[in-house]
Amino acid sequence: GAGVSQSPSNKVTEKGKDVELRCDPISGHTALYWYRQSLGQGLEFLIYFQGNSAPDKSGLPSDRFSAERTGGSVSTLTIQRTQQEDSAVYLCASSQQVSNQPQHFGDGTRLSIL
Amino acid sequence: GENVEQHPSTLSVQEGDSAVIKCTYSDSASNYFPWYKQELGKRPQLIIDIRSNVGEKKDQRIAVTLNKTAKHFSLHITETQPEDSAVYFCAASGASGTYKYIFGTGTRLKVLA
Numbered sequence: 665g666a667g668v669s670q671s672p673s674n675k676v677t678e679k680g681k682d683v684e685l686r687c688d689p690i691s692g693h694t695a696l697y698w699y700r701q702s703l704g705q706g707l708e709f710l711i712y713f714q715g716n717s718a719p720d721k722s723g724l725p726s727d728r729f730s731a732e733r734t735g736g737s738v739s740t741l742t743i744q745r746t747q748q749e750d751s752a753v754y755l756c757a758s759s760q761q762v763s764n765q766p767q768h769f770g771d772g773t774r775l776s777i778l
Numbered sequence: 049g050e051n052v053e054q055h056p057s058t059l060s061v062q063e064g065d066s067a068v069i070k071c072t073y074s075d076s077a078s079n080y081f082p083w084y085k086q087e088l089g090k091r092p093q094l095i096i097d098i099r100s101n102v103g104e105k106k107d108q109r110i111a112v113t114l115n116k117t118a119k120h121f122s123l124h125i126t127e128t129q130p131e132d133s134a135v136y137f138c139a140a141s142g143a144s145g146t147y148k149y150i151f152g153t154g155t156r157l158k159v160l161a
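One line per chain: the protein sequences are A and B, in this order.
Start counting the first sequence at 665; every next residue gets the next number (the numbering used here).
Start counting the second sequence at 49; every next residue gets the next number (the numbering used here).
Treat the hints as calculated values from the structure; they're not laboratory data.
C-beta atoms are modelled at their ideal positions from N, C-alpha and C, and glycine is treated no differently.
One thing to keep in mind: the hints can contain errors.
Stated by the list, open to error - Just some of the chain B residues that point at chain A, by a computed CB distance under 7 Å:
{"#": "1", "residue": "Thr-72"}
{"#": "2", "residue": "Ser-74"}
{"#": "3", "residue": "Ser-76"}
{"#": "4", "residue": "Ala-77"}
{"#": "5", "residue": "Tyr-80"}
{"#": "6", "residue": "Leu-94"}
{"#": "7", "residue": "Ala-143"}
{"#": "8", "residue": "Tyr-147"}
{"#": "9", "residue": "Lys-148"}
{"#": "10", "residue": "Phe-151"}
{"#": "11", "residue": "Gly-154"}
{"#": "12", "residue": "Arg-156"}
Claimed, not checked - Going by beta-carbon spacing under 10 Å, a handful of chain B positions derived as facing chain A:
{"#": "13", "residue": "Gln-54"}
{"#": "14", "residue": "Pro-56"}
{"#": "15", "residue": "Leu-59"}
{"#": "16", "residue": "Pro-82"}
{"#": "17", "residue": "Gln-108"}
{"#": "18", "residue": "Thr-126"}
{"#": "19", "residue": "Val-135"}
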C-alpha cells in the first residue's frame with residue numbers, strides 16, 4: 665500500500681485480556697516506530713525497529729508490553745493482561761532509514777479497556 | 049535523556065495573522081527536528097523538518113528556524129487560514145545514539161475567521 669497501515673482501527677476489550685496490534689509499514693522502509701497517544705496528550709515513544717532488531721525499547725511501560733517485527737516488514741505490538749490505563753491510541757510510523765529521516769504515521773489503533 | 053519543551057500549549061490568532069510556536073531541547077547531540085500537524089482524530093502529518101546543519105528552512109507559508117547554541121527551534125506560520133487550525137507537535141531526534149523522536153507536548157492552534 666501507499667501508506668502505513670494499522671489494524672484493527674478500533675479495539676475494545678475487557679481488563680485482563682491480551683491484545684495484538686498490527687502495523688504494516690511503507691514498503692521498503694527499514695525503520696518502524698511505535699508510539700502511544702492518550703486523549704488530548706502528546707506522543708509517547710514506545711519502541712523502534714531497525715530491520716527486525718529493536719535498538720531502543722526504553723519506552724515500553726512495563727513487561728506486559730512487547731513487540732516484534734518479522735521479515736523486516738510487519739510489526740506486532742502485544743499487550744498482555746491489559747489494564748484500564750492502557751487505553752489510548754497506538755500509533756505506528758515508518759521511515760526509509762533509521763537515521764533522522766521523516767517518519768510517516770498510520771491512522772492508529774484506538775484501544776479501549778473496559 | 050532528551051527532553052523537549054513546547055510553548056505555548058494553546059494559541060489563538062486572527063485569520064491572516066502569523067503564528068509562532070517554540071520548542072527547546074536538552075541534548076546538544078540532537079540533529080534532526082521535524083514538525084507535525086495533527087487534526088482531530090487524524091494521524092500526525094509531517095509539515096516541515098530541519099537538520100542541524102541548517103539555520104532556517106521555508107516552504108510557502110511555513111518556516112522553521114533553528115538556534116543550536118540556544119538549543120531551540122521555532123515554527124512560523126504566516127497568513128494563517130482556518131484550515132491551519134490543528135495541534136502542532138515539534139520533535140527532536142538523534143541524541144545519544146538513538147534515533148527515536150522525542151515529541152513536545154503540542155500546541156493547539158485556533159485560527160479565528
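A quick look at each hint next to the structure:
1. Thr-72: violated (15 Å)
2. Ser-74: violated (15 Å)
3. Ser-76: violated (15 Å)
4. Ala-77: violated (11 Å)
5. Tyr-80: holds (3 Å)
6. Leu-94: holds (5 Å)
7. Ala-143: Since chain A brings no Cβ nearer than about 11 Å to Ala-143 of chain B, farther than 7 Å, the hint is violated.
8. Tyr-147: Holds. Min distance 5 Å.
9. Lys-148: For Lys-148 of chain B, the interface hint holds, since the closest Cβ of chain A sits about 5 Å away, which is under 7 Å.
10. Phe-151: Nearest chain A Cβ about 4 Å off; hint holds.
11. Gly-154: Constraint on Gly-154 of chain B satisfied, holds at 5 Å.
12. Arg-156: violated (9 Å)
13. Gln-54: holds (8 Å)
14. Pro-56: Cβ of Pro-56 of chain B sits 14 Å from chain A, so the hint is violated.
15. Leu-59: violated (16 Å)
16. Pro-82: Result: holds, 6 Å to nearest chain A Cβ.
17. Gln-108: The hint is violated - Gln-108 of chain B has no Cβ within 10 Å of chain A, the shortest such distance being about 17 Å.
18. Thr-126: violated (23 Å)
19. Val-135: holds (9 Å)
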